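Just so you know, the protein sequences line up as chains V and U, in that order.
Residue numbers for the first sequence, in this note's numbering: 1 to 186.
Residue numbers for the second sequence, in this note's numbering: 1 to 181.
Please keep in mind that the hints were generated in silico from the structure rather than gathered at the bench.
If you're wondering where the values come from, they're calculated on a predicted model, not measured in any experiment.
Any given hint could be a false lead.
To be verified - So the derived list for chain U, only partly shown, Cβ under 7 angstroms to chain V, looks like this:
{"hint": "1", "residue": "23"}
{"hint": "2", "residue": "34"}
{"hint": "3", "residue": "37"}
{"hint": "4", "residue": "47"}
{"hint": "5", "residue": "51"}
{"hint": "6", "residue": "61"}
{"hint": "7", "residue": "63"}
{"hint": "8", "residue": "67"}
{"hint": "9", "residue": "71"}
{"hint": "10", "residue": "117"}
{"hint": "11", "residue": "121"}
{"hint": "12", "residue": "140"}
{"hint": "13", "residue": "144"}
{"hint": "14", "residue": "157"}
{"hint": "15", "residue": "168"}
Glycine included, every Cβ here is placed at the ideal spot set by N, Cα and C.
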Amino acid sequence: MTDRIERDDEGFGARLGATLRASEPLPTGAEARLLATLAATPRPSRPVPWWRRPRTIHLSPIGGLALAAGFAGLMVLGTLGASRGAAPAVAAAAPDTVHLVRFVLVNPGARQVALAGDFNGWQAEALTPTASGGVWSVALPLRAGRYEYAFVVDGERWLADPALPSTRDEFGGEHSVLHLGVDRVM
Amino acid sequence: MTARPDGTLVQAVLAGDGDAFAALVHRHQVPMFRYAVRMCGDRDDADDVVQSAFVRAYRNLAQCREMDRFASWLRQIVMNECRTLLATRSRRSRWFVADEAVLAATPAPAESTEGTALGRIERALGTLTPDLREAFLLKHMEELSYEEMAELTGAGVSALKMRVKRACEQLRERLEGRRDD
């Protein structure tokens, strides 16, 4: 009985759907109006990650020493993070310190893995597999802040990092959220 | 000449070829407009929705992760714009009404379809809640699978099946004046 009702609904819906698919002509001038609006809109482009933009950095001798010390320390922590599994290694430091964050994904079945996030304009960057295979990682220099990212497996499957909280963007994608700052240690 | 696939056009736009987006507009504006008209029940509102969706898509094109699936990504933006418009409209006034007596006195949404089968269906669609209407249109007008619908809407497959079933029941009642229960 339930099957019959479902079949009835299917047929009924399909008949209505066929009528609703009738062409709906655009309002006069709609395409031209849209193209004119787009012509006045800034062109989209692949954003250049901040560390690739040319810039001049002014550091006092003391500030330079502090930055160097912070960077070297975090490289050690990044190595420790890789041995823990999926979570990127992050440590507390001064807000203007550059952190070297190692992103690691354990996925023996993947042929290739990349990392995309707001820190690289969502342009996937390839991760390097370890010699034994299955563990993919990349280390990126990041400043303190909140970042969203996801792994891209085999060029098509987007995976949020299971080790971190995640959020959905306005287009339905699931991203991991990484807080990199002075008051959080992961 | 073979038409360039969506993914190639998206890559061209991001590489600085602004004209490539015009090809995407030309290809997708009509089907997106049709969905918006059926969803919003008003051609002017649908035009605004589609214009706004394309501008948002253009601005955020770098966030289109799977360039070959541009149409699906764009559809999601159009759906969001429709939801926003309907929520705003709902706050302003009750545009779509479920009451039969009020429905009978309500003018048809599109002048050109008044009195036609399409016009009657559009009016009946207008009595559904937005989530039922959305599920029905995606399933039976756009002919998507429940898995594709789940990906677009973020709702579960069983919830979507239930929405489509309820939409069919209510439409049948409005159009044929009968209940199945």
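Under the criterion of a CB-CB separation shorter than 7 angstroms, is residue 67 (chain U) in contact with chain V as hinted?
With a closest approach of 11 angstroms, the residue 67 (chain U) hint is violated.
Status of the hint placing residue 71 (chain U) at chain V (closest C-beta pair under 7 angstroms):
Interface hint status for residue 71 (chain U): violated (13 angstroms vs cutoff 7 angstroms).
Given residue 157 (chain U) was flagged as interface, is its beta-carbon under 7 angstroms from a beta-carbon of chain V?
violated, 14 angstroms
Was the hint right that residue 51 (chain U) lines chain V, CB cutoff 7 angstroms?
Result: holds, 5 angstroms to nearest chain V Cβ.
Just to be careful: measuring from the Cβ of residue 63 (chain U) to every Cβ in chain V, is the smallest value less than 7 angstroms?
holds, 6 angstroms
A closest beta-carbon separation below 7 angstroms is what the hint needs, so does residue 61 (chain U) meet it against chain V?
holds, 4 angstroms
Tell me if residue 168 (chain U) is really an interface residue toward chain V, meaning its C-beta lies closer than 7 angstroms to one of theirs.
holds, 4 angstroms
Let me know if the C-beta of residue 144 (chain U) comes in closer than 7 angstroms to any C-beta of chain V, holds or violated.
Status violated, d = 11 angstroms.
For the hint on residue 23 (chain U), just tell me whether its beta-carbon gets within less than 7 angstroms of chain V.
At 11 angstroms from the nearest chain V Cβ, residue 23 (chain U) fails the 7 angstroms test, so the hint is violated.
Would you check whether residue 140 (chain U) satisfies its interface hint, that is, whether its CB is within less than 7 angstroms of any CB in chain V?
Constraint on residue 140 (chain U) satisfied, holds at 3 angstroms.
Take the shortest C-beta to C-beta distance between residue 47 (chain U) and chain V; is it under 7 angstroms?
Since chain V brings a Cβ to about 5 angstroms from residue 47 (chain U), closer than 7 angstroms, the hint holds.
Can residue 37 (chain U) be said to touch chain V, with a Cβ gap under 7 angstroms?
holds, 5 angstroms
Of the numbered hints stated above, those contradicted by the structure are hints 1, 8, 9, 13, 14, listed in ascending order.
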